[in-house]
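A.B. asks: Chain by chain, the residues run as shown.
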Amino acid sequence: MKKPMFTLDPLTRKRIDRFKQIKRGYWSWRALLVLVILSLFSELFINSRAIVVSYEGKLYFPTYGAVIPGTTFGLDYQYETNYRELSKTLKANGKGWVLMPLVPYSAYEQDFKEGVYPPYAPSLVSRHFLGTDSIGRDIVARLVYGFRIAILFSLAYVFITFFIGTVIGCLMGYWGGWFDTIFQRIIEIWEQVPFLYVVMIVGSIYKPNFAIFLLIFIIFGWSSRTWRVRAMTYRERERDYILAAKAMGASTWRIISVHIVPNVLVVIVTMLPFAISGAISSLTALDYLGFGLRPPTPSWGELISQGISAYKTAPWILTSVVSAMTVILVMIAFIGEGLRDAFDPKKFTVYK
Amino acid sequence: MKKGLRTAALALGLAAVVAAPSFAQYYTSKAVSADEKAMAAEVRPDFSSPQVEDKSVKVSGLPETLTWYTSKPGVWGSSRAKQGGTFRDYIAEFPDTFRTVGPNANHAYRTFFGSNPATVELNMETREFLPGLATHWAFGADGKTVYYKLNEKAKWSDGKPLTSADFTFMYQMMRSPDIQDPWYNEFYTEQMVDLKAYGPYVISVTMNAKMAPADLLLNTACSPRPAHFYGGKIDKDYVDTYQWKAEPTTGPYYLADFVKGESLTFKKVKNWWGHEYAYNKNRFNIETFEYKVITGGNDIIKNYFYKGELDKFYMIIPQVWADEAKAPEIQKGYIDREYAFYVPLQGVQGIFLNTKYKFLSDVNVRRGFYYAINIQKMIDTVLRGEYARNHNIGVGHTFAGIDFNDKTIRKPNFDPAKAGELFAKGGFDKIGSDGIRVNAKGERLSVELIYASPNHTERLSVLKEEAKKAGLELNLNLMQKGSFTALREKNFQAYWGGMSTSVYPDYWEYFHSTNADKTQTNNFWGYANPEMDKLLDAFRAEGDLKKKAELTKKIERLVDQEALVIPHYYVPYYRGGTWKWVRFPKWLNNKFNDDFFEAMAPYNGYGAYFGYQWIDQDIRKEVLEAQKAGKAYEPRIWMDTTNKAN
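Each protein sequence line maps, in turn, to chains Z and G. Here the first sequence is numbered in our numbering, starting from 1 and rising by one per residue. Here the second sequence is numbered in our numbering, starting from 1001 and rising by one per residue.
Bound conformation, chain Z alone (with noise of 0.2 Å):
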């Protein structure tokens, strides 16, 4: 990938010179890593609070940090200041301005309009590009947030099994035995488990948070992990420069991180993006379902589900989400695709 791990030999460099060929892959790589890392500032973008306050010569920066009461800019309450009402009473009575985000709303506020009930259509008017939901929340704020806390999920999910399930893995096919064995035996079982019935019911019982919801998933998700590295690790296992490196006395956690993993690393990192829309479908199904994160929690599967109740009467809830979710799927599946291209053993094989 981009920053790889280990230092860049030459086999490396040619896979990633042959990645960039791809154009469709590098592209896509390209265009998520940016939506990701503007999704991590997406408070700056899309919030009901605003960027900048000028209030009576004072500057103010309301967006990270504590909640500002609407005392402190004249206004008669205690509570959070509506800033995009600030901005007119401001802009009346000359006191100072408001610098608003490009969307002034957040994931979790309703917008209700008088007389007319939610939800409301896309308007350039209100910045509701995407239109509101059944309850007045912005489509593109829960869309981006909605993102935000789906791709995080998902990487944070697949890297802690991955790295789980490499380390066994690796252990498994080094060692072999009877740990490989008992592992083997032991996986077998949990695997048996049926993962999305047991989150459902976890889900039903208590409603978890994204910690415990990331953990549950971890709990279920490593063992697959395991096995194509154990089946890869008993293959290099074999060869002359591991029986070199052991000549050499290298302990067993140097012959795996320096030796195996490198080689082993091929299929993890064109499993990866799999792996990683995979999570964020499971993700948004189980939200679908009603048995994901606790409500309101911005996310696509409640989207969805919103979107399929109301289609005939707001058919731009639907229409975003399975957009967006589309796009961003594609995309995942593309760098995949130019990966597997790219560490294709077909074209570079080279020992060691």
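What the hints contain is simulated information worked out from the structure, not anything from laboratory work. Keep in mind that the hints are not guaranteed to be accurate.
[Stated by the list, open to error] In the BS3-like style, the derived pairs of lysine-lysine whose C-alpha atoms are separated by at most 25 Å in a straight line are:
no.: 1; chain 1: Z; residue 1: Lys312; chain 2: G; residue 2: Lys1490
no.: 2; chain 1: G; residue 1: Lys1490; chain 2: G; residue 2: Lys1518
no.: 3; chain 1: Z; residue 1: Lys113; chain 2: G; residue 2: Lys1518
no.: 4; chain 1: Z; residue 1: Lys113; chain 2: G; residue 2: Lys1326
no.: 5; chain 1: G; residue 1: Lys1307; chain 2: G; residue 2: Lys1332
no.: 6; chain 1: Z; residue 1: Lys312; chain 2: G; residue 2: Lys1326
no.: 7; chain 1: G; residue 1: Lys1302; chain 2: Z; residue 2: Lys312
no.: 8; chain 1: Z; residue 1: Lys312; chain 2: G; residue 2: Lys1332
no.: 9; chain 1: G; residue 1: Lys1547; chain 2: Z; residue 2: Lys312
no.: 10; chain 1: G; residue 1: Lys1377; chain 2: Z; residue 2: Lys88
[As the list claims (entries may be wrong)] Here are some chain Z residues the structure puts well away from chain G; computed CB gaps all over 10 Å:
no.: 11; residue: Tyr55
no.: 12; residue: Tyr79
no.: 13; residue: Gly96
no.: 14; residue: Leu102
no.: 15; residue: Tyr206
no.: 16; residue: Tyr241
no.: 17; residue: Ala247
no.: 18; residue: Gly249
no.: 19; residue: Lys312
[What the hints assert, rightly or not] Some chain Z residues flagged as far from chain G (calculated, every beta-carbon gap over 12 Å):
no.: 20; residue: Ile16
no.: 21; residue: Phe41
no.: 22; residue: Phe45
no.: 23; residue: Gly57
no.: 24; residue: Ser87
no.: 25; residue: Leu155
no.: 26; residue: Gln184
no.: 27; residue: Phe195
no.: 28; residue: Arg294
no.: 29; residue: Thr297
no.: 30; residue: Val322
Every residue gets a Cβ at the ideal spot worked out from N, C-alpha and C, and that includes glycine.
Assemble the complex: chain Z is given as a structure, and chain G must be docked to it using the hints.
C.D. replies: Okay, now just chain G, sitting in the frame of chain Z:
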């Protein structure tokens, strides 16, 4: 810009109507306009049925001399009603059994099969009593017994006459262990302690405790079982033998046919005896009811409805009501909408606050919730201003003409400043950097709110956002399973939901200190207060309904002060769409009746039959022709606001 356009369009539309009213080109047809005209002239009948003494009744051979009572309701049905026709409806699942007692008998469609009227029925307009299978009733001197004189014309749907033997058989059956239904065994042994027959047409029913007369009637009113159908005895094989055998009924509709797993067909009993009563005239007009099993939820049902394969579709939820208005069949007037207000019977409902949970033990904090929970905004936005705000722990508790709810109780409107003051009094005097209040111990004013229905997420999201303004954090926790268990175990902080109730409330189980520290009881709040105990004990000891009502009102005021429940709303109406050929009387519904679309079976335990609607075959023909030709009628919403609150 958009708003401007909308206004302009509206103005243009108005101008068009004013300038050229003849442009409104709606199709009308003969039968439709005739019936609509007749409907316009219809008035709401007098539904009252006060209990009157009937001196003409003489019954000999009874152990005591009695004063016989009855009531004489007038004609309630519509004179427009036509007989015959088929009403097509759905059931969400095929019943597990046709028995009405025993294992699996407690399914959603049980009332279809146990549709016997009781000895006396409740008037759904006044909650007075109506003669049912018994024409007269009398009260024993012991204060526990009611005597019923049966209607000698009553017959089973198989033609056999109804006698007191059917009641004694029912009593024997309900006490039999072979029906495998401990609840009935218990009730008919411990609560209803005796049932005797005096000749073929008089029975007496005795309860285990003294009660006010109206209460006695409510408790002793019972339905018979056909002794001849069971050969006069219940044996060990009852559950299996009668699994798929529907017993004959004394009600207007019997099970005529069924396809297991697919459909049920009910037909009107030929020359039904019940038409003897004036109040049954022009009712139960429909000849056949076809129930098809349709699974897959509302969207699927809706499709059947618009295809014309079902005759009715509920549109209770505000968004559904608004969305369906755009359906072509409705806009072209082939489907009419009916919308009637009523007073629901609702028990303790709203947000329950657990007084055993840390800071919720402080009454100031709990009262702060009154100001911090913006129920009104939730109603005005998500519920489109259509649900009614509830201020009390009980709604619709009217019985025998006595009102049990204190309607003067009012909850304050949303006021974050006022909420803040109360929270500060309860120790939460600082506001944290995230806007949520904090107390001296560093605890945040954060409460987990558990709820069971995914449909309520939107409603609660509004409350959550609003509560932030008062420095209160609500963490929504949807527990589709287990929320009620958590409630019963007092293992919760705040609970969104409610309990059902009977025609008047007995709050003992909820607020008496006996259960304050026990789990698996209905004192969810862990609430103990000697003053409350006194009221509750006095309520139980009191025999007079009027005095009971006064005590109930005091209890309600105390609960209001203690802020144990933040009441939410009630649904003050029933509404939906029916194809134009399903016709209703102009007044649509009774004051206390909920589902006026359900023509065949009583919907809840207290509901008598409704059955005022009918099918107009001529209109059906006209509408189907109009639909074929693409001609549009004027869309109709039939609305009755007689029982709208406020």
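A.B. asks: Need the list of violated hint numbers for this structure, in ascending order.
C.D. replies: Result: hints 1, 3, 9, 12, 15, 19, 28, 29 break, sorted rising.
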